[in-house]
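Sequence lines, in order, name chains A and B. Heads up: the first sequence runs through residues -6 to 513, numbered per our numbering. Heads up: the second sequence runs through residues 10 to 376, numbered per our numbering.
One should not assume that every hint holds.
Far from chain A, some chain B residues (derived; all Cβ distances over 12 Å) [to be verified]: (1) Leu29; (2) Met186; (3) Glu215; (4) Glu221; (5) Ser233; (6) Ser348; (7) Asp355; (8) Glu363.
The calculated lysine to aspartate or glutamate pairs, modelled on EDC-like cross-linking and capped at a C-alpha distance of 16 Å, are [as the list claims (entries may be wrong)]: (9) B/Lys123 / B/Asp297; (10) A/Lys482 / B/Asp345; (11) A/Lys507 / B/Asp345; (12) B/Lys323 / B/Asp345.
Keep in mind the hints are simulated off the structure, nothing from the lab. Backbone N, C-alpha and C fix where the C-beta goes; we use that ideal spot for every residue, glycine too.
These are the residues of each chain, in order.
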Amino acid sequence: METRGVDQKPLRDAVPGRMDAPEVTLANSREAGAGSQHLTPDGPPCPEQAGLPGAPRPVPCGRARCACRSGLSACAQRGAEPLIAMESAEAEPSESRPEEDGAVPASDLPLPEQPAATMEDCLAKKMEITVSEAEKRTGRNAMNMQETYTAYLIETRAVESQNEGQCSPVDSLWRRYSEFELLRNYLLVTYPHIVVPPLPEKRADFVWHKLSADNMDPDFVERRRIGLENFLLRVASHPVLCQDKIFYSFLTQEGGWKEMVNETGFQLKADSRLKALNATFRVKNPDKRFTELKHYSDELQSVISHLLRVRARVADRLYGVYKVHGNYGRVFSEWSAIEKEMGDGLQSAGHHMDVYAASIDDILEEEEHYADQLKEYLFYAEALRAVCRKHELMQYDLEMAAQDLTSKKQQCEELATGTVRTFSLKGMTSKLFGQETPEQREAKIKVLEEQIQEGEEQLKSKNLEGRDFVKSAWADIERFKEQKNHDLKEALISYAVMQISMCKKGIQVWTNAKECFGKM
Amino acid sequence: MPISPSSMINQYKFEDEPELKDLFITVDDPESHITAIETFITYRVVTKTSRGEFDSCEYEVRRRYQDFLWLKSKLEEAHPTLIIPPLPEKFVMKGMVERFSDEFIETRRKALHKFLNRIADHPTLTFNEDFKIFLTAQAWELSSHKKQGPGLLSRMGQTVRAVASSVRGGVKNRPEMFTEMNDYMETFSHKINVLDKIAHRIYKEEREYFNEMKEYGPIYTLWSASEEDIADSLKGVASCIDKCCKATEKRMAGLSENLLPVIHEYVLYSEILMGVLKRRDQIQSELDSKVDALANKKADKDLFSEEIGKLEDKVECANNALKADWDRWKQNMQYDMRSAFTKVSDNNLRYYEEIALCRLLEPNHLR
């Protein structure tokens, strides 16, 4: 089935439901949004379900998680397209099959710009990357005012085969947080179909009372250093992102990197927030999977932030319980001074109470690491949403283009046949002020036909773009989902292990204390 | 639920031979009484005994807090230098517990139970006549008995004199031993009050922790509803946190049952002991002033000598009684503290073991 190239079928011949029409039909644009879905609730229909007359069956993908059975895990091979195309305006609504799947074998679709790297080719395997140090610096900012900031040392080293026993030299350069932000923004714009790894938080949030919310606090800086390293490693192990030249330069080229990034002109390509918001509200037929994904990411964000807030409060309270026990130490010591037989027992028990009280510091520091792991996925939720937004934007764009095309076709038709289908100012004025001359009409029709031609080409390419986007985005989303499930499981396990270690410490202390009390 | 006297055997201290115990007392069944003038609570006091001086071997009476107060003051009167066990306070000024709340009544009931049992265990006080009447007399008998005996005014007079004399400084001829006791009690009193605050603070912090944990677990359950692969792991964490909550509740209950009442009792004891020491001083100062008077007056020597002789006996009795009771008190205190803190340690060990167990099961669940 050939879908490449421009299918130059004249409008009036296009028949809905034919597989050689590259796009899915949409019922009359007037009815768009009146429940005409091009996806079944479970994703694209099984070939068995389609049962469309005259439609050659697409090859079933045979994957276990076929989209017709499951929800989010839509079959990537099928490439469930929510795309619309303009079919003939005369198409009867009953005949137009909105669910018609323009299923295209993956191999026929235009390939992405470059093949994604396999795991072995990932930069992470070829290069050791660490953010090894953090340093306070003072400098002058853009407004020539003095400012204090922290710079982070990025060290890289090529991974040589271990057998040779050679140690390749370490390259290093310093970067500050704002440069990381610049890098990430560049990646977001350049790879809108990728779930871009998040940066650690800019300002300390979800802190419990012992931790400071100050950005200069050494504990915060340390955790941020780890977070930045994690970010770099995530990018370096991403099959697509790791190949980016700007990313590579970020790691290796000290001077002139900022200029290099700005020269890419990525800021111009960025979609305005307003435009994206508008699209979110007005898009009529986004891919259901993206809608579900958006809901999921909203839920994830909400639940994780709630979790982090309460966890911080729990940590606070636990801190209180442990620290109050520390007061025993002093009282026992003072009391033991006036006791003869009880003195020793009291004194040593007091010592163990001090140990108990002190132990909470390490325990909570470890727990902070767990919180950081959750935080990463809190921020990842935002990255997921960004991909969904991009889809909505593209879809909206497509819908607008299609709508425009429809109206132009209608106009053309009206002019050609002289019938007025819809109310138009032109129609009214011509009635009132007399019709145009046939020559004028011909000219208009010609112009419109040219525009329609252009419009169809544009629509086609937008369609393809859209399909490409959906396909590659879903591939990355699947990758992300697996990563997320793996990481979170690991995080939960290590959380449990932490708790066990806390219990062991508690048991030890209280066993010792009990022994001392017994000697009283 | 009424506590059977036989179950009380476990609570006896080792220095009283439990096999020779012949007086078993329980305090239970609080009941509310509403009259036109007031509302008050009575408690059921059940006594089982094999002692000859008791007409029957089992008694059941109802007593109110006022009656306990009366008993205590009678004992103090009869034995000014013995350490009379503390009564629970009239009402809690801290405002945390309402006067007639269930918690308050139960705490009071336990304390009253302890009070009577401590008296029963005391080698001297156990044979006190007023004590016997308290345990055995019917309500109307008790009221009429109460009306006999020195009036309120004279009792107050005694107290005033005691305070006055201690202010005057009956410390002059105080034997070394009692000065030591005094010093000890001052420090002890301070420390035990601090301990009381610490213990209550720990309880409060554990409660706050419990409250937050209650909110923590359900979030994981909520999260599991949006997930597929990790839903089970999340639910596992939620159930673990839930178990942790229950374990915390037990820990709190343990603290509340085993440590808080004991420390509180000794806070009250420290006040009592200071009072006992003052009364001893007062008895001593009575003798001292008479001796001084004799030294000055020189007249009626014989009469004074007789009085002084009596007072000297009185002082010696008081000192001996106090010394013996002091030793006994110290032993009890040591035992009580050791027992209370050991129980708390056990509580905490159980707490950590329970949590560790539930967390240990978790990774298997996750994998």
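Reported absence of glutamate 215 of chain B from the contact zone with chain A (all CB gaps over 12 Å): violated (6 Å)
Agreement of lysine 482 of chain A and aspartate 345 of chain B with the hint, judged by alpha carbon distance not exceeding 16 Å: violated (48 Å)
Against chain A, does serine 233 of chain B hold up as non-interface, every C-beta pair farther apart than 12 Å? Check fails; 9 Å does not lie beyond 12 Å.
Just to be careful, I want the Cα atoms of lysine 123 of chain B and aspartate 297 of chain B compared with a cutoff of 16 Å; is the pair within it? violated (38 Å)
Closest CB of chain A to the CB of aspartate 355 of chain B still more than 12 Å away: violated (7 Å)
Separation of leucine 29 of chain B from chain A, once the least beta-carbon distance is taken, above 12 Å: Since the minimum Cβ distance to chain A is about 26 Å, leucine 29 of chain B lies beyond 12 Å and the statement holds.
Serine 348 of chain B clear of chain A by more than 12 Å, beta carbon to beta carbon? violated (9 Å)
Assess, step by step, whether the Cα of lysine 507 of chain A is no farther than 16 Å from the Cα of aspartate 345 of chain B, and give holds or violated. holds (14 Å)
12 Å cut-off, C-beta based - methionine 186 of chain B kept clear of every residue in chain A: holds (14 Å)
Status of glutamate 221 of chain B, Cβ more than 12 Å from any chain A Cβ: violated (5 Å)
Between lysine 323 of chain B and aspartate 345 of chain B, is the straight-line Cα distance small enough, at 16 Å or below? violated (32 Å)
Is glutamate 363 of chain B truly not at the interface, in the sense that its beta carbon sits beyond 12 Å from all beta carbons of chain A? The claim is violated: glutamate 363 of chain B sits with its nearest Cβ about 9 Å from chain A, within 12 Å.
In this structure, the hints that do not hold are numbers 3, 4, 5, 6, 7, 8, 9, 10 and 12, in rising order.
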